[in-house]
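These protein sequences, in sequence, are chains A and B. The opening position of the first sequence corresponds to residue 1 in this note's numbering, with each subsequent residue numbered one higher. The opening position of the second sequence corresponds to residue 1 in this note's numbering, with each subsequent residue numbered one higher.
The set of hints was computed from the structure by calculation and includes no laboratory data. Given the structure is predicted, the values throughout are model-derived calculations rather than measurements. Each residue gets a CB set at the ideal place from its N, CA and C atoms; glycine is no exception. Any given hint could turn out to be false.
Label pairs and their computed distance ranges (CB to CB) [unchecked claim]:
id, chain 1, residue 1, chain 2, residue 2, range
1, A, Glu45, B, Gly346, 34 to 44 angstroms
2, A, Lys57, B, Glu274, 32 to 42 angstroms
3, B, Phe330, A, Leu25, 34 to 44 angstroms
4, B, Leu163, A, Leu155, 22 to 32 angstroms
5, A, Lys14, B, Glu274, 37 to 47 angstroms
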Amino acid sequence: MEEMKETRRNFIVKLLMGGSAFAGLLVSIPFVGALIEPLLGKKNEVWRVIGPVDDFKVGETKLVNFENADPLPWSGVTDKTAAWLRRSSENEFIAFSVNCTHLGCPVRYINDAGLFLCPCHGGVYNNDGSNAAGPPPIPLPRYKARINNNKVEILTSPIPITTLGEEAS
Amino acid sequence: MKKLKQLWQWIDDRSGISEMINPLAKHPVPSGAKWAYVFGSATLFCLILQVVTGIALAFLYQPSSETAYESLKYINDVAPLGHILRGIHYWGASAMILLVGIHMIRVYITAAFKYPREMSWISGLILLLLTVLMGFTGQLLRWDSNGVWSAIVGAQQAGRVPLIGTWAAHFLIGGDTIGGASLNRFFAIHVFLVPAILFGLLGLHLYLVIRNGISEPPKAGRPVDPKTYRKWYENMLHREGVPFFPNAAWRDMAFGLLVVLAVIALAVIYGAPEIGTPPNPSDIHSNPRPDWYLLWIFALFALMPPQIESIVMAFGPPLVGLILILLPIFANKGERSPLRRPWAIGIVIFIVMTVAVFWYEGTKSPWSPDFQAKPLSKKVVGEVSQEAMEGSQLFFDKGCLYCHTISGHGGKRGPELTHVGARLNNEQLTLKIVNGGGNMPAYGSSLNEKELRALISFLKTRN
Numbered sequence: 001m002e003e004m005k006e007t008r009r010n011f012i013v014k015l016l017m018g019g020s021a022f023a024g025l026l027v028s029i030p031f032v033g034a035l036i037e038p039l040l041g042k043k044n045e046v047w048r049v050i051g052p053v054d055d056f057k058v059g060e061t062k063l064v065n066f067e068n069a070d071p072l073p074w075s076g077v078t079d080k081t082a083a084w085l086r087r088s089s090e091n092e093f094i095a096f097s098v099n100c101t102h103l104g105c106p107v108r109y110i111n112d113a114g115l116f117l118c119p120c121h122g123g124v125y126n127n128d129g130s131n132a133a134g135p136p137p138i139p140l141p142r143y144k145a146r147i148n149n150n151k152v153e154i155l156t157s158p159i160p161i162t163t164l165g166e167e168a169s
Numbered sequence: 001m002k003k004l005k006q007l008w009q010w011i012d013d014r015s016g017i018s019e020m021i022n023p024l025a026k027h028p029v030p031s032g033a034k035w036a037y038v039f040g041s042a043t044l045f046c047l048i049l050q051v052v053t054g055i056a057l058a059f060l061y062q063p064s065s066e067t068a069y070e071s072l073k074y075i076n077d078v079a080p081l082g083h084i085l086r087g088i089h090y091w092g093a094s095a096m097i098l099l100v101g102i103h104m105i106r107v108y109i110t111a112a113f114k115y116p117r118e119m120s121w122i123s124g125l126i127l128l129l130l131t132v133l134m135g136f137t138g139q140l141l142r143w144d145s146n147g148v149w150s151a152i153v154g155a156q157q158a159g160r161v162p163l164i165g166t167w168a169a170h171f172l173i174g175g176d177t178i179g180g181a182s183l184n185r186f187f188a189i190h191v192f193l194v195p196a197i198l199f200g201l202l203g204l205h206l207y208l209v210i211r212n213g214i215s216e217p218p219k220a221g222r223p224v225d226p227k228t229y230r231k232w233y234e235n236m237l238h239r240e241g242v243p244f245f246p247n248a249a250w251r252d253m254a255f256g257l258l259v260v261l262a263v264i265a266l267a268v269i270y271g272a273p274e275i276g277t278p279p280n281p282s283d284i285h286s287n288p289r290p291d292w293y294l295l296w297i298f299a300l301f302a303l304m305p306p307q308i309e310s311i312v313m314a315f316g317p318p319l320v321g322l323i324l325i326l327l328p329i330f331a332n333k334g335e336r337s338p339l340r341r342p343w344a345i346g347i348v349i350f351i352v353m354t355v356a357v358f359w360y361e362g363t364k365s366p367w368s369p370d371f372q373a374k375p376l377s378k379k380v381v382g383e384v385s386q387e388a389m390e391g392s393q394l395f396f397d398k399g400c401l402y403c404h405t406i407s408g409h410g411g412k413r414g415p416e417l418t419h420v421g422a423r424l425n426n427e428q429l430t431l432k433i434v435n436g437g438g439n440m441p442a443y444g445s446s447l448n449e450k451e452l453r454a455l456i457s458f459l460k461t462r463n
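So here's chain A without its partners, still in its complex pose (with noise of 0.2 angstroms):
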């Protein structure tokens, strides 16, 4: 076997390669676009309509769900998000996330003691949300909720991912 030596040959070659690795690139494009294909996009907020304001009573803190911002078909029951949702005057509602600040566990609301009690690493709230005890970095976070027609009303979001440095603020 003789090795081709030529100059022409050898551009050839060099040429033919470079296409490859072009094509291949090309491929890579729409590869890499299936993958984060979730994430483009603007993410739309919804408001998702909870109920009528005379299911809540003053003070009272339930437990609700509504259907998350982007429901596919094929979604099923995991299109469902809960939220924590306190009548806390008259015309005034507070949505607090269901995620610990910790590491994204459901915390429950022990109606009694007015805490909030996670069952992974026993993080607590306070029944404002503010950090009470154990290894939650930050509050628990808030969704937006209003009054709309005599009905509450919450606003759709991701869920709270706490980041690192969040904890020093």
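Put chain B on the given structure of chain A with help from the hints.
Using the frame of chain A, we list chain B on its own:
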């Protein structure tokens, strides 16, 4: 019979199977290599088991957020032997993680990562990472409420990655919340992406065994010198090497067979992990726990000082990875015998003990409030005043019992209070309840004076 032999000869001649396999099977290996060398091959047998059972499961599983749960139920309860199939896949994964750990410890203790096998160690590290990734994504494919909440916990940890944390978390769960896109990703990662990379690296890992030879059993006073090692190794094989098959391979086969049989037995006896409640992210009555091999990390996150936790989550894994990758590069020569490397033994004992202690704590998880706690019975409370009786009810209503044990009832998050009345006086009790401290919230604002008096009155009867 003769015809069959002829047929085989034709196939062999045209395909070159013997030509390819024989040198591999007969290649000389050091003669002293005994039972310590079986863990790598046993891991490989487990992987094959995982591929086979995984393919079978994929024939029945519906990889969609909506239907995965129902199809799991179907595999488990209806499909013939489906329960055992799931069981083999689960126990096979467990065995693989355990064996890969033992394999790594063996290689480290006998310093088999030294020259010229640095690349074997580094490719092995990536294979370890991929194996754990397979385990975690596999747990998520068990798409019940535990799967949903474990995905969220995973996303929260990804969130601690510097700068791109939120993006990484959303990348993991497929969007800014759990939903229709979530399960498909875990499926594609678990079934296509990671296995493809894993097989490629495994090919390299095995090729390196042939290229550099398996490491000879170490001997004190016989250090590795990169200048002369390859020549010495060749001469040693020439002098005292034995053919890999069957002289060394029989042990691999025997141990591998034992492992596979044990996995099948565990699957038949204990079956697969239970499938919990449906994957509903609004169902908060979930108590997410990782599978056993990650329980120690779960415990670590409960017991670590919260101030350093995010830093550890963000920088711990890459730092450990970097140290392990650099190990064979900086320690590529010198003594291999564990007798001359006491620090190596010490480090292994320390790490194994640490993981074991955290793992044990993880199985108990005393830091988790006990939401199953029932109000204290009359028998436990005993004959007490009306006020103390009310106090005992408050002790439950206010959530005290979730974290404190009284006479064997309640959680273990806080100190046991069975004899607290003898230990603390009224003033100390008041201070503690009102102000909290440590892991206890302050109850000052959620108790009125009467309630506080009743609670203290009850606690004083615990002596």
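Going down the list of hints, with the structure as the test:
no., hint, verdict
1, Glu45(A) - Gly346(B): 34 to 44 angstroms, "55 angstroms, violated"
2, Lys57(A) - Glu274(B): 32 to 42 angstroms, "38 angstroms, holds"
3, Phe330(B) - Leu25(A): 34 to 44 angstroms, "36 angstroms, holds"
4, Leu163(B) - Leu155(A): 22 to 32 angstroms, "27 angstroms, holds"
5, Lys14(A) - Glu274(B): 37 to 47 angstroms, "59 angstroms, violated"
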